[in-house]
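Residue strings, one per chain:
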Amino acid sequence: MFIAEKVQFVDTTLRDGEQTAGIAFSAAEKMAIAKQLDQSGVPYIEAGVPAMGGSEFHALRNILHAGLNAKVIAWNRAVREDIFKSIYCGFSNIHISVPISQNHIAVKFQQDPAWVIAKLEECIDLAANYGCTVSVGAEDASRADLEFFLQVADVAAQMGAVRIRYADTVGCLTPFQTYNTMRCLQEHCPLPVEFHAHNDFGLATANTLAAVRAGIDLVSVTVNGIGERAGNASLEEVALALNEVYGCSAGIDLSVIGPLCQLVERSSGQKNFVYKPVSGERMSI
Amino acid sequence: MDEVVLLRDQTLAEAARLQVPWKQFIKIAKILDGIPFDCYDIKLEDWLNYRQSIPFYGAKRWRARIEAQYGQIEAAYQAGFRKIAIGYEHSPHGGLGKKMAAVVAFAKERKLETSVEIRNASRLHMEELLAVSSSFSAVAVETIAYCDTESRMDPFITNAIFEKLLEHTDCPLEFHAHNKYGLATANSLAALQAGAKRVTVAVGGVGGSGHAAYEELTMAVNKLVNSVFPRLPNLAAVCHRVLACIGVEEPLTKTIIGLDIFAHESGIHVAGVLKQPELYEPFSPEEVGLSRRLVIGKHSGKTSLAATLQHANIAMDESQAEFFLAQVRQMAIRQKSPLTEEQLTKLYQDCVLRRVGGF
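Just so you know, the sequences run in chain order A and B.
First residue of the first sequence? That's 114 in this note's numbering, and the numbers climb one at a time after it.
First residue of the second sequence? That's 1140 in this note's numbering, and the numbers climb one at a time after it.
Don't read these hints as lab results, they were simulated from the structure.
Only a predicted model underlies this, so the values are computations on that prediction, with no experimental measurement involved.
Note that the Cβ used here is the ideal one computed from N, Cα and C, for glycine as well.
Mixed in with the good hints, there may be bad ones.
[Stated by the list, open to error] 27 Å max Cα-Cα, derived DSSO-like pairs, lysine-lysine: (1) Lys221(A) <-> Lys1362(B); (2) Lys1336(B) <-> Lys1362(B); (3) Lys384(A) <-> Lys1475(B); (4) Lys1362(B) <-> Lys148(A).
[Said to hold, decoys possible] Partial pick of chain B residues on the chain A-facing surface, computed with a CB cut under 10 Å: (5) Ala1351; (6) Pro1390; (7) Leu1391; (8) Phe1422; (9) Leu1433; (10) Ala1471.
[Unchecked claim] Derived Cβ-Cβ restraints for the label pairs, each shown as a range: (11) Thr1479(B) <-> Asn216(A): 29 to 37 Å; (12) Glu357(A) <-> Glu1306(B): 23 to 31 Å; (13) Lys1162(B) <-> Ala141(A): 41 to 49 Å; (14) Ser1366(B) <-> Asn182(A): 42 to 50 Å.
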């Protein structure tokens, strides 16, 4: 086992979580959730997409001025206009996401891997010129060539990015596959890796733990596991599982998890399944 | 994983524990009968608090979970159970003890198919586990269940333990996972991958401490590890009915069976799914008897708007797309729910067509 002593959560409740079909947080709700995440000890908050403009842009700007301890991150496509919007909004922590599986690149953009690298270089360069700290997201990494992931990581590292997100975009990894891949990345990846799980088969928490077991100390989570389709790795499950099963800290104040889950339930309008681990009514710890 | 895997149901147990209305219980039992479960566990104490005797059709496949007491064996028999699972807490210092062997013998004399459950299995060292399994094999129990009662396991621990246990134990082994931290499905998958042939599941993973969700394990086995569980074509509908009878509301985003797990809203996802659904779906909705839909909400992109308007025979004016998108977003945030097709077309008519003098 290569378990890190301390794991750091990159919370994406306000971005990937809000992408759940039908969820729309108001600006006030986004602020309340961001503040409570901050109070619970979450070190990274991926707060949203400034490129959406309008009320989202203003909501994010307010969060940036709320004096949070956490690093607040803007999510962007590898599109210059997205990056400009984020910088104009006031962000200095920029996440740039690129699809890295052959299929995603070919079908969504009718392009090739070289084009992705070029777009990434262009956008990291732009963000870096404005003094931003850049993290890169590799979408659909679990169905992409590991070699290409490492190539993208190399480019990102050379251009000064601080970490790279490995996204299991359709939640199709098993814990053993996650462990083996993350072990390999620990050996060969020039950047720290953040593991981003999805819960299509109910394996998001387990896959996240498998990544930690392989030595990864940055993981994406959302409160109540909200997110696209069947959701993301649930913050409260991962925090408790790390603590109880691995004796590993995520730096989260476990006593405030209950109120945090309830806040997101109310704001999202989506009540947890009563049998949902940790935050379901019948399973509450 | 070529030998058939036998699933032990815990859904009925939860229904009994909750004392659901009898009519609903019968419905659940009927539906579960159509699912390829090998046996149905019910805690005897819960059952006797609920009813006095089991229906005739239960005798064949219902299994009473009991304590190691002669009185409980007798009570299970009187209630009509012909299969029992005796709970056992291993004490680190002793062997099986004469009492356990005697209890098993008594049960077998009554012609009860007798299994044992090591309730504190996840607290035992490998040597203790091997010794206990060996002792139980010697008294010829039907199966030995390894219970992760306190949810202490992860898939790696589960896999390693089962590999070793299966190698050294003649008696069939079962894995009974609990789901306090969301690891039950993964742990059960790991046990299967180690070669276990009997695992405990519940529809929706229901249970006081949660269980591996039947629907999750089925799809994970079929789609992720190159093996096959028999599958129902209408898996989602079957699970919905069971959960409804238990009296629980299933979230729209429930894994595998939630009505909204194929509802796509975000612009990037919708654009992708319209080109090729596999971009953002690990299995098709048809595989579980669900269907895909596009949702108009805060994160919709112009593609969704155009597609939905097209469905209402309106061609979206591209020059107004940005403006219209902003209106849609504001409405979604205000009402905190998706826009229906009617709402979208009305909004378009009100905001855009009037604006450009389209009326």
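Quick rundown of the hints versus the structure:
no. : hint                                 : in the structure
1   : Lys221(A) <-> Lys1362(B)             : 24 Å, holds
2   : Lys1336(B) <-> Lys1362(B)            : 18 Å, holds
3   : Lys384(A) <-> Lys1475(B)             : 14 Å, holds
4   : Lys1362(B) <-> Lys148(A)             : 40 Å, violated
5   : Ala1351                              : 8 Å, holds
6   : Pro1390                              : 5 Å, holds
7   : Leu1391                              : 7 Å, holds
8   : Phe1422                              : 8 Å, holds
9   : Leu1433                              : 9 Å, holds
10  : Ala1471                              : 5 Å, holds
11  : Thr1479(B) <-> Asn216(A): 29 to 37 Å : 33 Å, holds
12  : Glu357(A) <-> Glu1306(B): 23 to 31 Å : 29 Å, holds
13  : Lys1162(B) <-> Ala141(A): 41 to 49 Å : 46 Å, holds
14  : Ser1366(B) <-> Asn182(A): 42 to 50 Å : 47 Å, holds
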